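Participant: So you can see what is in the structure, the chains are spelled out below.
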Amino acid sequence: MLRIAGLNTHYGASHVLQGVDLEVPEGSIGAVLGRNGVGKSTMMKTVMGLVRPSGGEVELEGHNIFGWAPHRVARAGVAYVPEGRLIFPDLTVVENIKVAERKPAKDWPVDRLFEVFPSLRERQGNRGSQLSGGEQQMLAIARALVSDPKVMLLDEPSQGLAPLVVRELANVIRRMRQEGVTILLVEQNMKLAEAVANRLHVMVKGKVVYSADPERFRDEEAEIRSRYLTV
Amino acid sequence: MDTLAFILTQCVNAFSQAALLFFLGCGLTLIFGIMRIVNFAHGTIYMAGAYLGYTSVRWLGGFVAALMVAPIVVGVLGVLFELFILRRLYGRDGNAFLMVTFGLALVLGDAVQVVWGAPPLQVPPPAALAGIAFFLDEPFPVYRLFLIGFGTVMAIGMWQFLERTRLGLLIRATSQNPDMVHALGTDVRVVRSGVFGIGCGLAALGGVLAAPLVTASLGMSLAAVVDAFVIVIIGGMGSFLGSLIGALIVAFVQVFGNYYLPEAALAFMYLVMLTVLVVRPGGLLGKEE
Ligand SMILES: Nc1ncnc2c1ncn2[C@@H]1O[C@H](COP(=O)(O)OP(=O)(O)OP(=O)(O)O)[C@@H](O)[C@H]1O
Ligand SMILES: [Mg+2]
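In order, the protein sequence lines correspond to chains G and Z.
For what it's worth, the working numbering labels the leading residue of the first sequence as 1, then goes sequentially.
For what it's worth, the working numbering labels the leading residue of the second sequence as 1001, then goes sequentially.
Bound conformation, chain G alone:
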C-alpha cells in the first residue's frame, strides 16, 4: 500500500534521511522505533509533502506521490496525525474534524467517529485548547479518519499520555486495523508498538536498519533494545 525507497531528506546542510526503505502492506500496521532525533518525524513529514525530499521514491498503491504538495498527498488518501497532535486550539472539536472533511465521509462519518470516541461527543462544542492530552490525541485521529484514508501516518500518539489512556489508544489502533486502515506508526513506547504492529522497524541515523515481525522482534528484543534504542 505504502512503499518508501531510498528516501533522502536534508535540512540545509544536515542530511537527516539517508535512504529510508520501508513498506507497509495494505491493511497492516508498520511501526517504526528509534531514538530521539534519528529522523522518524522527518520521514512522516517527507511522505506527507511538508518537507521536500532530495531523492528517493514514495508510492501509494503503486502510484508515485514523491515530492507532491501536502494537499495532493492528502487527497490521494494519506492522513496525517502529527507528533504533538497539532489540534487547532481555537476551533471546536467538530470544527477541527470539519477542516479535514472535504467531502461527506463514507467509512468514517462524524456520527461513527463519536461512537468510536465517546469522549469527543461529550466535548464536541469545546475548543481544542480545552481538551486534555488524551482527548486531543483522539481528536487528531478522528480528524484524520474523517477523510476515509487509505494510509494513516501516526506519529508518537502515546507521547505524554497516562498508561490508562495509552491502553485506550491501543484499542483504537486495533479497531482501525480491523476496519482495514493501513497505518504507519512511529512510537517510542515499545510495548504499544509490539501490541498493535504487524511489522516492526528500527531507524538509526536516517536509515531503517532492522525489520521483523512481532514474534521475531520479541525474541530479539533485548539485543535490539541495547544496540539501537537505549541511549
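By construction, these hints were calculated from the structure, which means they are not laboratory data.
These numbers were taken from a predicted model, which means no experiment stands behind them.
You may find that some hints are simply not true.
Within a straight-line C-alpha distance of at most 35 angstroms, the following computed DSBU-like cross-link-like pairs (lysine-lysine) qualify [said to hold, decoys possible]:
1. G:K191 / G:K207
2. G:K191 / G:K106
3. G:K191 / G:K98
4. G:K191 / G:K205
5. Z:K1287 / G:K98
6. Z:K1287 / G:K103
Got chain G; can you put chain Z with the ligands on it based on the hints?
Facilitator: The following block gives chain Z with the ligands in isolation, referenced to the frame of chain G:
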C-alpha cells in the same frame, strides 16, 4: 442644541466613521491573521478604492454599481499581486513583505496620481442618500445613517461568513496552523490568495464609502494606513472581533477628540493605543506572540 441632541449627533458621526474604519481594519487584520504579513499598502488600496469609486460612478452612473465594481476590481488585483509577487516570499523573514508592500504603496500611489491627477475629486452621494433626516428636531445626514446600517450589515455578514461557511472555517484554521490545514487536504496557497483579495476588496469598499464624505484625495492613503494600524494594534492582530472593537474605539476617539480638542485628537488616539499596548501587549483580543 440640547445635550441629548448633541450626543446623538456625535454618536451618528462616530458610528458612521467606525463603519468606514471597520472595512479598513477588518481587511488588514484578516490578511495579517492568515499570512503573518503587515500590508503597508493597505491605506493606498483604500485610496485607490475611493478613486475607482469616483470613476465607476461617472461611467456606470450609479453608486451601487461603484460599491460592487471597485472592491471586485481591487480584490482581483490583490489576488494577482499575491499570486505573482507575495507567493514567492513565504518562508522568508518579514522584512521582505515589508519592503514589497511598501513598494506597492509607492507604485500604486503614483499610479493613482498619474491616472486621476493631484486635485481631490468630489464624489456625490447617491441622490437617495443625499438628504437630511430630522430627529428630535436635529438634522442628520442620511448618508451617515446609511453608513451605519451598511456597516452593521456587513460586519454581521463577515462574522457569519467566518463562523458558518467552509471557507470561513478554513480561514480561521489557516490562521492557527497553515501546515496542518495543508496536510489535511486544502491548498493553503489558494486560501492565502483569496484572503489577500478579500482584505484588499474590503479596504477598497471602505474607500468607495468614504469618498462622498471626504472626497477622493491623495492624502487619504497615509491617514488610512495609520488608522488601520492603530485599529488592529488596539483590537489585536488577526482578530476579527478585535478589528470591530478597534474601529469603534478609534472612531469615538477621533470624533469626540476633534470636537473638544482638535489640536490633540491625533495624540489622544496614540495615547489610547499605547495604554492598550501597556495593559495588553497583544491587543484587546489578540494573542501575544
Ligand atoms: N525544521 C528543521 N530544521 C533543521 N533541522 C531539523 C528540523 N526538524 C528536525 N531537525 C533535525 O533533524 C533530526 C531529525 O529530527 P526528527 O524530528 O525527524 O527526529 P525524530 O526521530 O522524530 O525524534 P523524536 O523521537 O525526538 O521525535 C534532528 O536532529 C532534528 O534536530
Ligand atoms: Mg519525532
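Participant: So, for every hint listed, does it hold in this structure?
Facilitator: Status of the hints after comparison with the structure:
Restraint check for G:K191 and G:K207: satisfied, since their Cα atoms lie roughly 22 angstroms apart, inside the 35 angstroms limit. Between the alpha carbons of G:K191 and G:K106 the distance comes to roughly 33 angstroms, so the proposed pair stays at or under 35 angstroms and holds. Simply put, G:K191 and G:K98 have alpha-carbon atoms about 33 angstroms apart, close enough for the 35 angstroms limit, and the pair holds. Restraint check for G:K191 and G:K205: the C-alpha separation of about 22 angstroms stays at or below 35 angstroms, so the hint holds.
Proximity of Z:K1287 to G:K98 is assessed by CA-CA distance (about 24 angstroms); at most 35 angstroms being required, the pair is judged to hold. Straight-line distance between C-alpha atoms of Z:K1287 and G:K103 comes to about 32 angstroms, which keeps the hinted pair within the 35 angstroms bound.
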